[in-house]
Amino acid sequence: MSLSSAIPTLKTLGVGVGGACLARLLHMPLPDLTGPALCVSAAGLAGLQLGLDDKVRNIAFVILGMSVGAGMTAQATQMLVQLPLAFVALMLSTIFGLGACWWALVRFFKFDVQSGLLAASPGHLSFVLSIGAQYDLDLARITIVQSIRLLALTLITPVAALVLGVPSPAAMVGAGASMTVWTILILAALGYAASLVLSRINTPAPLLIGAMLVSMLGHGSGVTPGQMPLWLAVPAFVVLGTLIGTRFGGVSVNALRAAAIAGLMATLITTATAAGFAVLTAALMGMDIEALLIAFAPGGLETMVAMSIALGIAPGFVAACHLARLLVLSVAVPLLFARTQNGAGR
1 MSLSSAIPTL KTLGVGVGGA CLARLLHMPL PDLTGPALCV SAAGLAGLQL GLDDKVRNIA
61 FVILGMSVGA GMTAQATQML VQLPLAFVAL MLSTIFGLGA CWWALVRFFK FDVQSGLLAA
121 SPGHLSFVLS IGAQYDLDLA RITIVQSIRL LALTLITPVA ALVLGVPSPA AMVGAGASMT
181 VWTILILAAL GYAASLVLSR INTPAPLLIG AMLVSMLGHG SGVTPGQMPL WLAVPAFVVL
241 GTLIGTRFGG VSVNALRAAA IAGLMATLIT TATAAGFAVL TAALMGMDIE ALLIAFAPGG
301 LETMVAMSIA LGIAPGFVAA CHLARLLVLS VAVPLLFART QNGAGR
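Position 231, counted from 1, in the sequence shown is what our numbering calls 231; the numbers after and before it change by one each time, with no gaps.
For the record, the hints were derived by calculation from the structure and aren't laboratory data. You may find that some hints are simply not true.
Simulated restraints, written as ranges between beta carbons of each label pair [as the list claims (entries may be wrong)]:
hint, residue 1, residue 2, range
1, ILE201, GLY14, 45 to 51 Å
2, SER199, ALA140, 23 to 29 Å
3, GLN341, LEU268, 26 to 32 Å
Here a beta-carbon is modelled for each residue, glycine too, at the ideal position from N, C-alpha and C.
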């Protein structure tokens, strides 16, 4: 890490840590995630130049991925067996939510058809922005809508989980015997190697998924027992919350005000759609509603995986569902975008 990137990173992490401490004092749900997200967002909107070095972000993703594998239990394994049926419901939820949100953005907020589609996508921000950049669309407006959705979900999901009676996160994270330092280092090295392979085949979030798969194999086979220790898990949550907040860096208050209502509306539509399908799926398949609500939430992969780890809710199943959602979007968004190019949907 160079000095030019170290100083902004340390400053940004300082704001994030302060936000986590404040959130703990206020007894907010998941304080190590929600506190940094709120405080860093506010600091960015206030004009503070913030940013995280990619190396810090990547380390946090690897830790979160290993934590998912450490959550492999008999219940989580059973839920993974049910994944094919849940995937059908997830696919319908994703497509229906995308379509409804797309229509509303074009109809009520005067988005053009193409920008509306990309802003309505429930996740996969880097993917949709790369499409938008090729066609010179309004990337700032798309990013604001997407960022509001992610921040809102970060704040709403833990509250909803507590309302549903999920145990206190503090009792879930790091529960049980911890992995040894050597086990963590070996899993991290193998996870990084796996991520290199995954990145070559364009897998979303390769560092997170690579570490997750390696850790799942290690814990599922009993070779690497133990949970992720708190001294690693908590900083990873703080980094992720801080990363979410940095999305608002450089956004002017006027630009935020102009797109805020559209972003909140997009969040409401996609979240209500996901919740409806989650409730229906839970009723039909007899699955845990808490797990399905987090698994069907419209983004983002890393954030919802962190939620499931902290709340102790089937992180392997949640990660698999969110990866499936990104794969659905990887196919659906380009196909729909191509139709707009041909004049369809106007």
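Hint-by-hint comparison with the structure:
1. ILE201 / GLY14: 45 to 51 Å: The hint (45 to 51 Å, Cβ to Cβ) is violated, given that ILE201 and GLY14 are roughly 37 Å apart.
2. SER199 / ALA140: 23 to 29 Å: 28 Å, holds
3. GLN341 / LEU268: 26 to 32 Å: 29 Å, holds
Hint 1 from the list above is the single one not met by this structure.
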